[in-house]
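Heads up: the sequence lines are chains G and W, in that order. The numbering used here puts the first residue of the first sequence at 8, with every later residue one more than the last. The numbering used here puts the first residue of the second sequence at 4, with every later residue one more than the last.
Don't read these hints as lab results, they were simulated from the structure. One or more of the hints may lead you astray.
[As the list claims (entries may be wrong)] Interface residues of chain W toward chain G, partial, derived using beta-carbon atoms under 7 angstroms:
| no. | residue |
| --- | --- |
| 1 | P24 |
| 2 | N26 |
| 3 | G46 |
| 4 | P47 |
| 5 | F105 |
[Claimed, not checked] To list a few chain G residues with every Cβ distance to chain W over 10 angstroms, as calculated:
| no. | residue |
| --- | --- |
| 6 | K21 |
| 7 | E22 |
| 8 | E69 |
| 9 | P92 |
| 10 | Q108 |
| 11 | R115 |
[Said to hold, decoys possible] Once the Cα atoms are required to be at most 20 angstroms apart in a straight line, the calculated SDA-like pairs of lysine to any residue come out as:
| no. | chain 1 | residue 1 | chain 2 | residue 2 |
| --- | --- | --- | --- | --- |
| 12 | G | K16 | G | S80 |
| 13 | G | K21 | G | T93 |
| 14 | W | K6 | G | G65 |
| 15 | W | K6 | G | N33 |
| 16 | W | K6 | G | D66 |
| 17 | W | K6 | G | Q44 |
| 18 | G | K16 | W | I42 |
| 19 | W | K55 | G | T107 |
| 20 | W | K6 | G | I67 |
| 21 | G | K78 | G | V59 |
| 22 | W | K6 | G | Q48 |
| 23 | W | K6 | G | R51 |
| 24 | G | K78 | G | A38 |
| 25 | G | K21 | G | S72 |
| 26 | G | K16 | W | N33 |
| 27 | G | K90 | G | T107 |
| 28 | W | K6 | W | N33 |
| 29 | G | K16 | W | Q48 |
| 30 | W | K6 | W | R84 |
| 31 | G | K21 | G | T84 |
| 32 | G | K16 | G | N33 |
| 33 | W | K6 | G | G49 |
| 34 | G | K16 | G | V118 |
| 35 | W | K72 | W | I51 |
| 36 | G | K21 | G | A88 |
| 37 | G | K64 | W | R94 |
| 38 | G | K90 | G | R115 |
| 39 | W | K6 | W | E34 |
| 40 | G | K16 | W | H43 |
Ideal Cβ placement from N, Cα and C applies to all residues, glycine included.
Now for the letters of each chain:
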Amino acid sequence: DGGITQSPKYLFRKEGQNVTLSCEQNLNHDAMYWYRQDPGQGLRLIYYSQIVNDFQKGDIAEGYSVSREKKESFPLTVTSAQKNPTAFYLCASSIPQQETQYFGPGTRLLVL
Amino acid sequence: DAKTTQPPSMDCAEGRAANLPCNHSTISGNEYVYWYRQIHSQGPQYIIHGLKNNETNEMASLIITEDRKSSTLILPHATLRDTAVYYCIVRVVAFGNEKLTFGTGTRLTIIP
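Excised from the complex, chain G in its bound form:
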């Protein structure tokens, strides 16, 4: 089955710790995205990548980092600089300039 997988479903972070959220797609899409969603709010773009080895900051990139070494993978690291990381994180992919983005099931990050 083609699709986007995110792992883990739930992730706990201690104060001062970096954590990495996984996003993998087998849809052969060039573009991938990371969004953050807070309770009762819409999605906000963190980072996006339109091609391997290239990525751009979204609206709320501070405290996050990404890499795009492979077409299939776009991991997001939540660094200790992100002071309010508790949120629902969503990964998406698309063919650039295509009409639709396809979303993964999300990872819920909680701070201990």
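Fit chain W to the known structure of chain G by using the hints.
Relative to chain G, chain W alone:
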């Protein structure tokens, strides 16, 4: 991308048509209207999109007014599984403008 306005919540009886309005009075000529929905704690799901003509697919119909300043998403025979938050998004489909800007959407509740 143009701003959209949606009612925060709506109810609809099961089996009836659900009509979800969206206002986008500042839409420009090359901006598409998209609809996504998000079932609780899942990733958003693409429903339908259009530029100026009415569109229909297996999930829904999209009616865009002639002046393009508003649109309506129609779910013809709502079921309990259609309970979700519905997002209306306006965007230009162009390379380098891949961002989807999600507002707070309309929370649709299907009543048995």
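Which of the listed hints are broken here?
-> The structure conflicts with hints 1, 2, 10, 11, 15, 26, 27, 30, although it agrees with all the remaining ones.
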